[in-house]
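Enquirer: Residue-level listing of the chains:
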Amino acid sequence: MTNLIPWRKKEKAGDLANIQNEINRLFNTSLSHWFDTDDLLESAWSPAIDVKESKDDVVIVADIPGVNKEDIEVSVHGDILTIKGEKKQETQEKGKDFIHTERFYGSFSKSISLPCETDISKADTNYKDGVLKIVLPKKEEAKTKQIQIKVR
Amino acid sequence: MNNLNLQDIYESPAADIHESEKDICMFLEMPGIAKENINVEFGQDELTISGKKSATEECCGQHHILFKERGAGNYYRKFKLNVNIDKDKTEADYKDGILKITMPKSEELKSKKIEIK
Numbered sequence: 001m002t003n004l005i006p007w008r009k010k011e012k013a014g015d016l017a018n019i020q021n022e023i024n025r026l027f028n029t030s031l032s033h034w035f036d037t038d039d040l041l042e043s044a045w046s047p048a049i050d051v052k053e054s055k056d057d058v059v060i061v062a063d064i065p066g067v068n069k070e071d072i073e074v075s076v077h078g079d080i081l082t083i084k085g086e087k088k089q090e091t092q093e094k095g096k097d098f099i100h101t102e103r104f105y106g107s108f109s110k111s112i113s114l115p116c117e118t119d120i121s122k123a124d125t126n127y128k129d130g131v132l133k134i135v136l137p138k139k140e141e142a143k144t145k146q147i148q149i150k151v152r
Numbered sequence: 001m002n003n004l005n006l007q008d009i010y011e012s013p014a015a016d017i018h019e020s021e022k023d024i025c026m027f028l029e030m031p032g033i034a035k036e037n038i039n040v041e042f043g044q045d046e047l048t049i050s051g052k053k054s055a056t057e058e059c060c061g062q063h064h065i066l067f068k069e070r071g072a073g074n075y076y077r078k079f080k081l082n083v084n085i086d087k088d089k090t091e092a093d094y095k096d097g098i099l100k101i102t103m104p105k106s107e108e109l110k111s112k113k114i115e116i117k
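So the protein lines, in turn, are chains A and B. Sequential numbering from 1 applies to the first sequence in the numbering used here. Sequential numbering from 1 applies to the second sequence in the numbering used here.
These are computed hints drawn from the structure, not numbers from a lab. Beta carbons: idealized from backbone N, C-alpha and C, even for Gly. Treat the hints with care, as some may be off.
As the list claims (entries may be wrong) - The following residues of chain A were derived to be distant from chain B, with all beta-carbon distances above 12 Å:
hint : residue
1    : Val-61
2    : Ser-75
3    : Asp-119
4    : Ser-121
5    : Ile-149
Said to hold, decoys possible - Calculated cross-link-like contacts (lysine-lysine; reagent style DSS-like; alpha-carbon spacing at most 25 Å):
hint : chain 1 : residue 1 : chain 2 : residue 2
6    : A       : Lys-52    : B       : Lys-53
7    : A       : Lys-84    : B       : Lys-68
8    : A       : Lys-122   : A       : Lys-133
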């Protein structure tokens with residue numbers, strides 16, 4: 001006895017159409033949404049960063065060991081924060097051969113978009129033990145305000 | 001089932017090794033560790049380097065993470081020594097997140113010119 005195949009409504013075709021739309025969207029989205037193309041051009045490596053936020057501020061922590069404080073530049077343009085700098089290789093002393101290198105060197109640039117507007121004038125940066133920490137207080141208007149919902 | 005704590009995760013620090021006639025110099029990237037939490041130890045023929053991040057360093061509780069690329073922050077690496085090192089004269093230095101270990105080679109190992117009679 002042949003199995004009864006349930007007749008499916010248009011949903012099935014709809015699903016496929018959705019997938020098709022998704023794929024189209026994916027291809028149409030320009031790559032610049034995923035990569036900061038500037039980074040690809042300028043540097044071969046970039047420091048690992050953590051970005052976290054609380055209700056009052058946005059904190060960015062970057063691992064940049066072995067760099068002079070003066071060689072690090074932090075700037076904010078609109079809602080994009082950029083950390084730029086140069087990591088110099090230890091000067092090669094005479095007679096020393098490099099037998100093994102794993103570390104990355106050279107100029108780096110990393111840009112991230114901040115979740116909201118921040119008050120740059122109150123920014124606090126600190127570089128200790130190779131870790132750069134940037135604390136950006138949020139602008140008053142950007143802080144989410146809790147709305148009380150009255151229960152009747 | 002034990003939960004994997006962030007404090008138990010160790011990464012291998014990136015290392016650059018330079019060698020010269022008289023010593024071997026190692027630079028390891030270990031940012032964000034307090035000097036007292038770094039351990040450099042010689043075994044029989046191995047060198048063990050470890051660094052543990054103190055739990056109180058990061059802001060806690062009120063922050064939620066938007067983006068995370070940095071590791072757990074603890075470091076551990078073992079090197080096999082196949083060169084004779086003067087362990088007593090070895091020096092270690094930690095600055096700006098870089099641990100620099102200078103290991104002078106043992107006297108016997110330095111190349112000696114042999115006179116040809």
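Enquirer: In terms of Cβ atoms, is chain B entirely out of 12 Å range of A/Ile-149?
Expert: holds, 22 Å
Enquirer: Does A/Asp-119 clear chain B by more than 12 Å, comparing its Cβ with all Cβ atoms of that chain?
Expert: Consistent with the label, A/Asp-119 stays out of reach of chain B, its closest Cβ about 18 Å off (over 12 Å).
Enquirer: So is A/Ser-121 really clear of chain B, every C-beta pair being over 12 Å apart?
Expert: The claim holds: A/Ser-121 sits with its nearest Cβ about 21 Å from chain B, beyond 12 Å.
Enquirer: Keeping to a limit of 25 Å between CA atoms, is the pair of A/Lys-52 and B/Lys-53 held or broken?
Expert: holds, 19 Å
Enquirer: Given the hint that A/Lys-122 pairs with A/Lys-133, test it: the Cα-Cα distance must not exceed 25 Å.
Expert: Given pair A/Lys-122, A/Lys-133 holds - Cα atoms ~14 Å apart, limit 25 Å.
Enquirer: Is the claim that A/Val-61 lies outside the interface with chain B correct, judged by CB distances over 12 Å?
Expert: Non-interface label fails for A/Val-61: nearest chain B Cβ at 7 Å, not farther than 12 Å.
Enquirer: Holds or violated: A/Lys-84 and B/Lys-68, Cα atoms, limit 25 Å.
Expert: holds, 19 Å
Enquirer: Please settle this one: A/Ser-75 was flagged as non-interface, so is its CB more than 12 Å from every CB on chain B?
Expert: holds, 18 Å
The structure shown violates just one earlier hint, number 1.
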